[in-house]
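One line per chain: the protein sequences are A and B, in this order.
Residues 252 to 414, numbered by our numbering, are exactly what the first sequence covers, in order.
Residues 204 to 1015, numbered by our numbering, are exactly what the second sequence covers, in order.
If you're looking for bench data, these hints aren't it; they were derived computationally from the structure.
Note that CB positions come from ideal geometry on N, CA and C, so glycine has one too.
Take the hints with a grain of salt, since some may be wrong.
Unchecked claim - Stretch by stretch, here's where chain B covers chain A in the computed footprint (C-beta under 8 Å, at least three residues):
1) 285-296
2) 325-339
3) 404-411
Said to hold, decoys possible - Selected chain A positions facing chain B (in silico; Cβ < 10 Å):
4) R273
5) H347
6) M382
7) A383
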Amino acid sequence: MTKQIVEMMVNGETREVMVEPRELLIYVLREQLRLTGPHVGCETSHCGACTVEINGKSVKSCTMFAVQAQGAEITTIEGLGSPDGLHVLQESFKEHHGLQCGYCTPGMITRAHRLLQENPNPTEEEVRFGMAGNICRCTGYQNIVKSILAAAAEINSASEAAQ
Amino acid sequence: MSAHKPLPHDAARLHVTGAARYVDDIPTPADCLHLAFGISSVAAGTVTAMDLDAVRSAPGVVAVMEAADFDVIPDCSPSNHDEPLVSDGTVHYLGQPLFLVVADSHLAARRAARAAQVSYAETAAILTIEDALAAGSIFEDGPRVYTKGDVTAALAGADHVADGRIEIGGQEHFYLEGQAALALPQEDGDMIVQSSSQHPTEIQHKVADALGLPMHGVRVEVRRMGGGFGGKESQGNHLAIACAVAARATGRPCKMRYDRDDDFLITGKRHDFRIDYRVGFGADGRIAGVDFTQYVRCGWSMDLSLPVADRAMLHADNAYLLPAARITSHRLRTNTQSATAFRGFGGPQGMVGIERVLDHVAHILGRDPLEVRRVNYYPPAQAASSDTATGDTPGAKTGAPLDTADLAGRGSVRVEGSSGGGRRFGAAYSPAPAATGNTTPYGMEVEDFILHEMTEALSESCDYAGRRAEAAAWNATQPVLKKGIALTPVKFGISFTLTHLNQAGALVHVYQDGSIHMNHGGTEMGQGLFQKVAQVAASRFGVGLERVKITATDTGKVPNTSATAASSGTDLNGMAVKVACDEIRARIARVAAPHLQAEPEAVIFDGGMLRADGAEMTFEEAVSMTYMARVSLSATGFYRTPKLEWDRIAGRGRPFFYFAYGAACTEVVIDTLTGENRILRTDILHDAGASLNPALDIGQIEGGFVQGAGWLTTEELVWDAKGALRTHAPSTYKIPACSDRPDIFNVALWDRPNREDTIYRSKAVGEPPLMLGISVLMALSDACAASGPAYPDLHAPATAEEVLRAVGRARA
Ligand code: FES
Ligand code: FES
Chain A
252 MTKQIVEMMV NGETREVMVE PRELLIYVLR EQLRLTGPHV GCETSHCGAC TVEINGKSVK
312 SCTMFAVQAQ GAEITTIEGL GSPDGLHVLQ ESFKEHHGLQ CGYCTPGMIT RAHRLLQENP
372 NPTEEEVRFG MAGNICRCTG YQNIVKSILA AAAEINSASE AAQ
Chain B
204 MSAHKPLPHD AARLHVTGAA RYVDDIPTPA DCLHLAFGIS SVAAGTVTAM DLDAVRSAPG
264 VVAVMEAADF DVIPDCSPSN HDEPLVSDGT VHYLGQPLFL VVADSHLAAR RAARAAQVSY
324 AETAAILTIE DALAAGSIFE DGPRVYTKGD VTAALAGADH VADGRIEIGG QEHFYLEGQA
384 ALALPQEDGD MIVQSSSQHP TEIQHKVADA LGLPMHGVRV EVRRMGGGFG GKESQGNHLA
444 IACAVAARAT GRPCKMRYDR DDDFLITGKR HDFRIDYRVG FGADGRIAGV DFTQYVRCGW
504 SMDLSLPVAD RAMLHADNAY LLPAARITSH RLRTNTQSAT AFRGFGGPQG MVGIERVLDH
564 VAHILGRDPL EVRRVNYYPP AQAASSDTAT GDTPGAKTGA PLDTADLAGR GSVRVEGSSG
624 GGRRFGAAYS PAPAATGNTT PYGMEVEDFI LHEMTEALSE SCDYAGRRAE AAAWNATQPV
684 LKKGIALTPV KFGISFTLTH LNQAGALVHV YQDGSIHMNH GGTEMGQGLF QKVAQVAASR
744 FGVGLERVKI TATDTGKVPN TSATAASSGT DLNGMAVKVA CDEIRARIAR VAAPHLQAEP
804 EAVIFDGGML RADGAEMTFE EAVSMTYMAR VSLSATGFYR TPKLEWDRIA GRGRPFFYFA
864 YGAACTEVVI DTLTGENRIL RTDILHDAGA SLNPALDIGQ IEGGFVQGAG WLTTEELVWD
924 AKGALRTHAP STYKIPACSD RPDIFNVALW DRPNREDTIY RSKAVGEPPL MLGISVLMAL
984 SDACAASGPA YPDLHAPATA EEVLRAVGRA RA
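Let's have the full structure, built from the sequences with the hints guiding it.
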C-alpha cells in the first residue's frame, strides 16, 4: 500500500512520519515515534489505555488513523512531564497511590488532564463519570479518583495564589 | 528506617510519565519478527485439511509453523504435558492454536493468520457440566472427597434440612496488558526471553524443554507485568515458547503479544462452578452438618485445575466450624479454554458455597444472616501465642529491644472513604480462649481466629443493625426499589498447597560505594511486592530506600523460583531477602566492630550509620572497610515456610501457615422491574497483620474488592451452543468502571501483628480481599428476598437479568 506523509505536532515538536492509510495512530506513536507511554489494552476504544490529547480533546488513539492526525496537535503522557519534572497530576497519582500495575496510568492521567481543563473544579461524582471511559483492573479506582481531586485542589489553589 | 511505611510504588515515577517499560515497550532490534497464532473455529474434532498457502504468501510473512514442522510438538502445560503448542490434529476447544505465523509486523502476522483454509471433522463438544458427567469426562480417577465427622448422621439428626444449588460463573482476568513475550537468540543456541509472566522459572523450564536445552541455556527476565491476577501463572508459556522456537528457526528476535480478542479466546479464565448442598441445622441456625458437591469446569487441559479445585474444597468452611462435613469435588474436562489460576485460586468459589448456605439457612429461619453467621464462627483464638513476643520485631536494630516507637508508627493505618473519620481498630483486642474443637474439615486447627472481634468492630462502625432496620423499613413501603445489606467474613489460607513451592531465594549485593542491588524470585505485577521487599532490605541495613536498586526478576540471578502466586510473594521473598541482608550485615559488623570498640553483636545499623556505645561510622565507610578487608559483600538468602504438612489425597494436614481475615458490609439497591442494581455503600475491615505498607495494602484491598464484586455481578462469560465464547472483548464483557464503584467506600486495616513469624509480622494481602466482594452477592440476595416470600436462589454473576429472575423466584 502506498505510504503517505503525515505531519503533526507531537508534544510541542513537529514530527513527520510515513504511514500506510490504514495505520492506526497508536502504532505510529509507539513504534515510529517511540512514545510507548500510551499503551494498547483493547484496540477497540473500550479501555482507554491508549488515550492521548488531540486538538484539545481526549482521543483513544487505537481507533484513529494516523492520517486523520494530519496537522493535529497531539499531547501524550510524555508531553505532560518527565520523571525529573512531574506535572501536578503525575505527582498526585504517585503520592496518592493512583496506580498499581501502572498499565492504565498514562491513559488515565492524560484523560484526567483534559477533564480538569474542561472542568477545573469537579465533584467526586463528576470525576467518576468523567473517567468512566478509562478502565483500571487493579486499583478499584478509589485512589485514582482521589489523585485527580487532590491535583484539582492543588492546581486551583496555585492559580488563586497567582491572582 | 522502619520497614513499615506507606511509601508509593517503587516505579511510580516511571509509571506516571509513561517511562515504565512492559514487554511490548522494550526497544527491539531492527530485524525483530512478530508472531500470531491461527486458531481453531470449532470446539471439538479433528483437522482434516489445513491449507496454509495463502498464509505463507501473505505480505510480510517470513515463516509458518505447524505440527509437521516439529519432531516433537513443544508442550506448554505447567502440569500434565497435555498442551501442544499447536494442535497435533485434534481440536480440543474453539480458540486452540493450530499454527504459528512469523511475520515482519504484528499486524501482518495477524492478517495472514486469517487466510488459512481449514476443514474439520467435528465431534460433539463437551461443554456443560451435564455433558461432562454423562461422558465421564474428568481429570483424576474420580471425585475427590474430604470428610469430617458423620455427615449422614448429622443430617438425619438435624431439626431442619435444606437443599440448594448455586451456579458460579467464571471470570476473565482482563489484565490490562495482554500476554506478551520476546525471545532474543544468543550465541551457541542459548535464548534470552522477556516475558510478562508470574512464573519466570516455569517459562525457563518450558522454553528449555522446547529447544532441547538444559535450563542453563535459557535466561528469563521479568521486570513487570501490567496486571497478572493468576492469568500469567501458566498462560504465558505458549507465547514464550512460540517466540523461542521461531527465534531458533529464523535466527532473529521474535516477539508475540495477543490481541485482546485472541487473549480472551485462547487463554484460560477463572473456573466456573456449580455447588449443590444439603445442610442440617438447628433452630438457632447452628449447622449440624453440610454436604457439598462441587462441579468444576476445568476446560480442555489439566493446567492448574487440580490445586484450584483442592483449594475450593479447602475453603468450603470459610469462617465456620462445621461439626460434620463432606465435600465432593468433580473435576470436569470440557471443550473450552483451560480454566486456570485467578486470584483466590478456587478459594472464592468454595467460599461462595458456604456463604450461600448460611444465607439460605437464615432465610428459612427468618433470622438476620449475620446472626446465623456468627453463631457458626470458629471459636475465638487462644490468646496470642508466646512466639509473638519472642519473634522478630519491626525495626532495623541488631539486638535492640522492641522498637515501640516504630510499632506506634504503624498507626499510619488509615480509614478512608467519602465518609468516616479516623478510626483505628484492634487496640482493645482480648480474645476469650477457644472452647472445644476448632478443626477445619481437613483437620487443621484454627489457632488464630480473630473474626469475632473484627465482625464486632465492623458491624458497629458501619452501623449494620441500624441500616438493616432502615433497609427493612424502606422495603416495607417501596414497591419497586428494594434494598439489601449483608456482612460477610473472609478466612483465607496462606501458602501454596503444593508444599514444595513454599520456598524462595534472593541475591543481594552491596557495592563499594554503599549502594545495594537486590534481586529475588518474586515478580511485580502491580501489587507493590518490589517496594515492600526493598523496604525490608533498606530496613535491615538501616539506610534510605534510595540506596536500594530493585532489579528485574531474572532466572540467572535467583534460580528455581516458585510462581508469584498464592499471595505468597512478600512472605516468601521478603524473608529470603532478609536472610541475605542479615548475612552481609553480620559480615560488615564483624569488620567494623573493632573500629567501634564493640562486639559485632552490639553494632546497630540505623539512619545510614553503624553505631555502638557512642561510637559511629557511616554505612559507606563500613562497606568500604569491609571491601578492603577482602570480605564478601554479596550473599544469597533462602527461605522455606515452616510448619506445613499436607496430604491432598486424604485431605488431611496443615496446608496453610496461617489464615488472613477480612470482613465486608455492603448495601445495595435493586430495581425489581429491570433487575438493575447499584452498590450504595461498602465498609471493609481487613487483616494485613502488621502491614509492611498500609498504603499498598489498602490499594490491594480496594482493588480486590472491586474485582470480586465485578466477578459476582457484571462479568459474565457466555459460550454459545457451539462452544464459542461470545463475550470475547470489553464490548461485551463488562469489568467494573470508575462509575461503578460504591457510592460510599470505607476501608480500614485491622492493626494486629501476625501470630506466626512472618516478615515483620505482616500478612499476605494479594488474594483475600477479592472475597470481600461476596458481600455484594449476599446483599443482592437480601434485596431479592425482600421482594417476595420464597428464597431467591440468586446465582452468580448477579447480572441485571439474573437479579430479575431471582426476584421472580422470590415472588413465586
Ligand atoms: S487500546 Fe485504545 S481504548 Fe483500549
Ligand atoms: S493500575 Fe493496573 S490497570 Fe490500572
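To see whether the hints hold, each was checked on the structure:
1. 285-296: holds (count 11)
2. 325-339: holds (count 8)
3. 404-411: violated (count 0)
4. R273: holds, 9 Å
5. H347: holds, 9 Å
6. M382: With a closest approach of 4 Å, the M382 (chain A) hint holds.
7. A383: holds, 4 Å
In this structure, only the earlier hint numbered 3 is contradicted, and the remaining ones agree with it.
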